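Asks: Spelled out, the chains give:
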Amino acid sequence: MSSAPALVLQFLELILALLAAPLLTGWVNQCRAWLGNRSAPPLTQFYRQLAKLFEKEVVLADNASSLFRAAPYVIFACMALASMIVPTLSTDLPFAPAADAIALVGIFALARVFAALAGMDIGTSFGTMGARREMLIGFLAEPALLMVFFTASLISHSTSLSTIVETLGQREFAIYPSLAFAGVAFTMVSLAENARIPVDNPTTHLELTMIHEAMILEYSGRHLALIEWAASLKLYAYSCLGLALFFPWGIPETTGPLSMLVALSSLVLKLAIGGFLLALIETLSAKLRIFRAPEFLGTAFMLAVLAMLVHQLLETAT
Amino acid sequence: MNGHLPLYAQVINLLAAMLLLLSFAMLAQRRILSLINLFMAQGMVLFASTVVVAAATGQHHLYWSALLTLVLKVMLLPWILHRLIRRLNVKWDVETLINIPTTMMIGLVLVIFSFNLALPISALAGTITRSTLGVALAAVMLAFLMMITRSKAVPQVIGFLAMENGLFFAATSATYGMPMVVELGIALDVLVGMVILGVFFFQIREQFDSLDIRHLEQLKED
Amino acid sequence: MEFLLVLGFPLAGGLVLAATGHWKRAAEINSAFSLLTLLAAALLTLRVIEHGPQLLFDEEIFIDPLNVFLVALTAFVGFTTSLFSRPYMRIEHDHGRLSSRRLRLYHSMFQMFSFTMLLALTTNNMGILWVSMEAATLTTVLLVSLYRTPASLEAAWKYFILCGVGIAQALFGTILLYFAAEKVLGGGSGALLWTHLDAVKGQLEPTVLSLAFVFLLVGYGTKVGLVPLHNWLPDAHAEGPTPVSAVLSGLLLNVALYAVVRCKVLADGALHSNLPGMLMMGFGLLSVVVAAFFLSRQKDVKRLFGYSSIEHMGIITFAFGMGGPVASFAGLLHMTVHSLTKSAIFFAVGHAAQKCGSQAIDDIRGLIKLSPTVGWGLMLGALAILGMPPSGVFASEFLILTTAMKEQPWATPILLIALGVAFAAIFGKVQPMVFGEPTAKRLPHKPAMLPVFIHLGLVLMLGLWIPPYLAEWYRQAAKLIG
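Protein chains in written order, with the working numbering: chain G, 1 to 318; chain Y, 1001 to 1222; chain E, 2001 to 2482.
It is worth saying that the hints were derived from the structure and are not from the lab. In this text the structure is predicted, and so the values were computed from the model without any measurement. Check before you lean on any hint, since a few could be wrong.
Below, a sample of chain Y positions facing chain G; criterion: calculated Cβ distance under 10 Å [what the hints assert, rightly or not]:
hint, residue
1, V1011
2, L1014
3, M1018
4, L1021
5, F1024
6, I1100
7, G1107
8, V1111
9, F1115
10, T1132
11, M1147
12, M1180
The list that follows gives simulated cross-link-like pairs (lysine to any residue, SDA-like), each with its CA atoms no further than 20 Å apart [to be verified]:
hint, chain 1, residue 1, chain 2, residue 2
13, E, K2183, Y, H1061
14, E, K2183, Y, Q1059
15, E, K2201, E, G2186
Glycine is no exception: its CB is placed at the ideal position from the N, C-alpha and C atoms.
Construct all of the structure, not just a fragment, from the sequences and the given hints.
Replies: Listed below in structure tokens is the structure:
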């Protein structure tokens, strides 16, 4: 398991994540532009943006502490780790034992805490407001996310992501109402966590509505690049997670080159469809007032709990 | 595991889950028109589940009750309700006495309670659809909660009808339907009740110029 | 045959009265139909006395000593109420409180209400029992809101919603009952027939039956007016027309209690524990105590007696909960005398309220001077319902108390205190109403006091001497209840 090819594979998966994440963000933006009848930016737009930011010099506020400077690296590292442990190409990887659902939620939380602290570090009102809102959303989204994971764990009797994906991927076809509920809840949580439209708008800098953008307003240069990259990695990680949990077909357990190829192509296909659907949701819905966000996430939480209950009642009976 | 259940049982489970979801949606719904549409959707789910149970078990009288459901709960009652709110000119947002997230949380607790209550009974049932009894009980409880938390007359009545839906689902899921005479009687009662309520709404509005039942709180113990 | 007539007359009456509309003789027609129903019920009773329990119409109808006695009582009180309502409603009409169209609704619904109650009593099918109880609710909702005043609409709305919710619980209980029965008896409508269930009650699944009984008790208990499900009862009694209050108290509560008792028989057989009895005793005691303490706070005379009905239903529920031949006998006797006395009181109260133009206790003063018959009727009725010897209420309460002392000694002091409080409250309020200084000016009308005195006479007779065949009949019914 921890043989050399496996390590290489793990490394490949990381590289893939780092490269594919900006592509996914670019794809979603492209789809949004199409759906909004605008001319779309090229798929590689996000790479160029990152490159441009990396070249620029970093401008720091006078009162920025070391935390402010460290935060982008921490956030980026968290997201990179997260996208590594989510099973994408194979479930049999060196990091698989670490790929625990609860640990994953913890990693996301760690990144969020750093982002919020960094947002408050400078002491501008926007940063503080963004941090506050971000924590509010995180506070509501995390339990819902955990509930979704618990539902999946109940079905597969394990909190290890690899085991969950293996069990779900291999099961004979059966209708799981609980998974349908959990899927909807997961989608809602993902939208909120990734600062997507009904909860936040990633493209706006309108002071009354922004959440995520308000927090990172003070960043520039490579710091900003890292944070933007981390955000796209987060989207990638969430997408892969959703696909792994609810559409696990195509993820092989072995590490043969052929199965890798199948896995890769199915992943690309699924991500493309998923990205399009995300753009569709964003285009079709209007942004919620920030005070409605708790209700939105409350619904997600409720759905996730319902999923668990429904699983307990309907699917364990026989 | 679920995979061992026959397909129709899985479909019924899915419908049960949808029924539960619809009950929650009704609990969360703010607009009265959507409430009626949700009620109609619940009727559709009931109809579908009854047909599936009928087909799976070969209980022919269930086709009749499915038909009854279709006519009564998907067509007639929503039609009467739509007409009522048009005639009474009520299109306002529904007001709730407790805010909606709290209501949802209470609803969740109720669902857990009813699932627990139903578990020992489900274990005794011989029907393929036995595990849906908990869902039916939960739907009844949620409808009950909706009646308590709404301050207007029409939503209360929809809650009442939704409660009847839950009971009907209990009857089909736990026992493959009640005897036909009883089911006809129940349907008749619901229909007559609805007509009487329609008359009643007009009386209330004539008297108070509003359907807010908070006007109906004069009679109290001193 | 007799049975068909018992159900047919009120149904036909309801339809005829609805079709013909209100005309001068509608009230007489109403009474005539009630009288025919009473005669048919008497014939049916005779037949059951002679030939024993009857199963009719593919076993859908079952008549045994337990329900035939209630059928007779229902038909009798229905008839006397129709006699009372004739002058009463005419006066309401003349005072402009009711239009002719409302009277038509009233007469038609009165008959339909009798029909639903008689159906509930005689059916053998637990599902039909539920259906007819619900139908009884629906018919009375319109009767309670007959005056269309804000208060009456509110009372009717409360009544509809609370009883609707309650009856929904009862339906769930019925479904559970069917669920348990299906496994023993197989599907189909046979599995809901009470006689079939009774035959196999020992084999019914105890877990399911206990849950079913809880739902049934809560459901039908709402209609009995058991605390804490009683909120609708005082309002509905106070705001509806007085004849409706009389039949609600005198009959509908009995019918609902009858449904509970039928369910208890099944639950007892299946459970081998005293859970149903304990539940009924608990609800009963709570109702007695709460109602007794609420009595003293009432300002409306019909509400006052509404609460008194809750109290007495509590006593009867307690008696049936104790079980055993003596307690059940006493419960049945109390059911009879309570319905007779309470409806008589409502008749008297109706006339008194019409005379003084108000239902408020403070406005009704010095009835004995305004109208001696009404005054005496109310006083005697109040004394009878308070259990003064030699009224029948005394006999039944005495039996219940002595049995309680023997079997449930802990409950006796609670009962005694509650009865004492109720006595003080009601007597303290009725005494000035009857003997105080008249304040209102006399409104001219001739009261129809005959039904009051017939009822009170019967109650007195039952206190002093229960005819042997009636006693035998009670004993048989008590044996059925167990």
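Asks: Checking each numbered hint in turn, tell me which of them this model violates, lowest number first.
Replies: Checked against the structure, the hints that fail are numbers 11 and 12, while the rest are satisfied.
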